[in-house]
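S.K.: The chain contents come next:
Protein chains: 2
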Amino acid sequence: MNHPPQDDVLLAELAQRTLDRCEAAAAFTEEPGRITRTFCSSAMADLHVALRDWMEAAGLTCRVDAAGNLFGRLESPLLDNAQTLLIGSHLDSVPNAGRYDGVLGVMLGLALVEAVQRSDLRLPFALEVVGFSEEEGVRYGVPFIGSRALVGDCDEALLQRKDANGVSVAEALGHFSCDAAQIQSCELPAKKYVAYLEPHIEQGPVLESEDQPLSIVTAIAGQTRAAVRFVGAAGHAGTVPMELRKDALCAAAEWIIEVEKAAQQTLGLVATVGTIEVSPGAGNVIPGEARLRLDIRHTDDKIRQAAVEHLIRLGKDLQQTRNIEFQFTTAHEHSAVAMDAAITTMLKQGIAAAGHRTMELPSGAGHDAAVMARRWPSAMLFIRCRGGVSHHPDEAVTLADVTAALTAIWHFGRRLNSKILSDYF
Amino acid sequence: MNHPPQDDVLLAELAQRTLDRCEAAAAFTEEPGRITRTFCSSAMADLHVALRDWMEAAGLTCRVDAAGNLFGRLESPLLDNAQTLLIGSHLDSVPNAGRYDGVLGVMLGLALVEAVQRSDLRLPFALEVVGFSEEEGVRYGVPFIGSRALVGDCDEALLQRKDANGVSVAEALGHFSCDAAQIQSCELPAKKYVAYLEPHIEQGPVLESEDQPLSIVTAIAGQTRAAVRFVGAAGHAGTVPMELRKDALCAAAEWIIEVEKAAQQTLGLVATVGTIEVSPGAGNVIPGEARLRLDIRHTDDKIRQAAVEHLIRLGKDLQQTRNIEFQFTTAHEHSAVAMDAAITTMLKQGIAAAGHRTMELPSGAGHDAAVMARRWPSAMLFIRCRGGVSHHPDEAVTLADVTAALTAIWHFGRRLNSKILSDYF
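Residue numbers (the working numbering), protein chains in the order written: chain A, 34 to 458; chain B, 34 to 458.
Certain hints may be false.
Note: identical chains are not told apart, hence a pair may lie in one copy or across any two.
Unchecked claim - Calculated lysine-lysine pairs in the BS3-like style (CA-CA distance at most 25 angstroms, straight line):
hint, residue 1, residue 2
1, 279, 294
2, 335, 349
3, 349, 294
Simulated from the structure, these hints should not be mistaken for laboratory data.
Model the full assembly from the supplied sequences, consistent with the hints where possible.
M.R.: What follows is the structure, encoded as structure tokens:
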């Protein structure tokens with residue numbers, strides 16, 4: 034199972050190059066002094082030019098599809114009509130982003146191609162690196178435009194959606210030299226792809242706290258977002274005795290504690306009240322109303338739904354005990370998406386072969402892999418990030434961890450190679 | 034102790050007149066469609082004209098002092114150099130106010146004079162009705178300008194204070210035909226006044242819930258206002274597991290519940306968190322910081338201070354158990370002011386003579402009586418208001434309750450009469 038020592042040297046060199054490319058990509062921004070790169074921006078076009086150069090130098094054949102996704106393809110030297118392993122992530126960013134969220138996955142895909150090219154491996158599958166055009170949902174308020182195009186999920190309503198300046202998705206694509214009328218041509222044939230692999234920073238603190246560089250992802254969590262409202266009665270903070278109050282904030286506080294408790298007592302559940310507003314909102318006035326937003330996630334939809342029902346029940350209890358009104362309005366809900374067991378097992382073997390513990394984490398955040406998993410066996414590799422920080426200039430990864438990631442992907446590729454060869458012959 | 038039936042008829046008639054005058058006063062406003070009457074406004078000047086007419090028709094001698102307070106005086110028919118009973122409240126209002134907060138107390142003072150004039154009572158004291166120019170603190174952000182002038186507590190710094198339009202207190206007084214340079218002349222000689230009595234709506238729901246029209250006030254509560262800040266760590270709502278969080282809102286919620294509990298468990302204590310803000314403040318981000326404002330009041334300063342210390346201790350406990358930062362900054366603090374026992378006892382007797390239970394309430398809100406009590410024996414009479422509502426157009430009192438209030442004040446006057454006569458002769 035061990036790989037020759039010269040592989041280590043090569044992979045470490047390519048990991049350094051991967052970091053250098055992330056650094057170079059960070060210069061392509063639409064806001065001076067900070068990293069912001071949205072869908073079809075000129076910063077994105079500039080990054081495409083640089084990335085195409087790197088891809089073509091590595092021997093890849095490049096194309097940009099009608100949704101603005103950049104692909105670099107290396108055919109199988111072994112089989113005609115071979116299936117394809119797609120590897121990558123997204124190239125867009127949030128405003129004032131870090132260097133690694135998305136970009137690192139694309140650059141690791143390219144590094145894998147370079148490692149393959151410099152080895153004696155003759156793969157029985159094609160390798161395709163993808164840089165998705167849109168994942169963060171910044172410009173149009175809807176995420177995953179790039180990967181949705183690959184599964185044929187970009188309709189006319191999406192194309193007509195407008196950004197803050199009144200520019201539609203279709204117009205933005207036009208400015209990006211893409212023909213929105215051809216958006217359906219982006220859909221990839223299901224059978225021609227063997228799997229999708231997405232390396233991505235963890236965006237959370239678990240790997241750091243466990244002192245591990247890598248993890249596979251078991252599933253991308255399902256999510257419920259809700260607007261919650263408590264209505265009591267405003268009153269003078271000096272003149273209404275405690276027993277005659279209907280303080281909406283006290284009711285909300287009691288519920289917030291229950292939200293936290295429910296999540297603490299349920300393995301894998303995360304639940305967050307991220308906003309709260311009270312009115313009238315003066316220091317000497319009892320809050321008559323409190324409005325808050327709940328975000329609750331789990332990789333098992335039943336557990337998430339049971340938790341939501343539990344919290345609604347507790348809210349209704351408060352309605353009785355505190356004589357206030359409780360309203361719960363679901364704003365958004367999506368199901369969990371499991372990663373593919375067979376592909377993920379190979380990725381685990383890759384992590385083990387790279388010499389690391391095979392951690393298993395859920396992904397609390399959404400990823401392109403959740404869209405791609407609708408059609409192809411998909412897997413994700415999480416890479417430790419400093420402090421669990423993402424969507425912030427402080428995002429950081431180490432060379433050692435990126436080397437570990439590339440090594441794990443390399444071994445994953447070798448396992449996929451063996452598997453396809455043994456299936457084929 | 035019973036009064037003749039014709040008194041009842043007279044007092045009911047004067048109570049109706051009192052309500053009519055409150056209604057008429059509501060028309061003097063600086064904002065069309067709602068009641069807003071601030072210090073030295075033209076609406077206040079117009080109200081002075083009407084009120085002077087009513088006062089002079091009742092045989093009172095009127096004057097406006099250098100602080101814009103309006104006085105109407107009826108000398109004692111019995112004694113030269115008699116002491117004076119001062120009765121009244123304030124004539125200014127908050128923006129979008131009701132009809133009774135302040136004004137009702139002034140009009141009840143006037144009604145008492147009219148009742149005395151129409152009786153055969155020859156009082157051994159002068160009666161002076163006062164309408165204070167400023168109590169609410171709206172125009173200059175500091176309350177009690179009117180009553181502070183009577184105790185010699187208006188200094189040059191106050192006179193130079195500016196409103197939102199850059200007009201100083203001194204200039205505003207000038208526009209109101211008052212000479213700010215003479216502000217020290219407002220100070221009343223301590224020995225010439227026997228007591229100050231302030232009738233006022235309760236501004237709370239206790240009388241309504243107890244089904245009683247009236248109450249004496251034991252004391253005006255002391256108050257601590259504080260800014261409280263919890264600092265944890267922001268993070269992704271999907272990717273940070275519960276055990277690695279430092280959620281500032283959860284910490285704040287736990288503390289808010291303790292604030293409520295502390296007040297519920299301490300007789301007479303009221304404690305309110307009236308505002309809360311969290312940041313970053315997004316539905317999918319763990320709150321890294323929560324800022325809130327505490328208002329805590331009690332008529333016993335030691336109890337209030339002990340409660341504040343208890344809540345600071347609990348915040349420090351949370352600092353340990355939740356690994357977050359807790360900051361408590363006192364923004365404002367004032368001591369409780371006890372009402373005068375002897376005068377209040379006479380007022381209680383007045384309430385009993387009017388046929389009502391002698392309720393005793395603290396005042397959670399501030400009043401001119403708190404300033405006047407620095408120099409003169411002071412008492413307050415609370416009148417039930419519908420729903421406990423004040424500072425709002427929905428303020429309402431009933432004719433029956435105002436009749437009860439006037440009857441109680443009338444009997445208070447008779448008791449003060451007997452007391453002074455027995456002391457004198």
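S.K.: So, for every hint listed, does it hold in this structure?
M.R.: Hints versus structure:
no.: 1; hint: 279 with 294; verdict: both (24 angstroms within a copy, 14 angstroms between copies)
no.: 2; hint: 335 with 349; verdict: within (21 angstroms within a copy, 38 angstroms between copies)
no.: 3; hint: 349 with 294; verdict: both (17 angstroms within a copy, 21 angstroms between copies)
Of the numbered hints given earlier, the model fails none.
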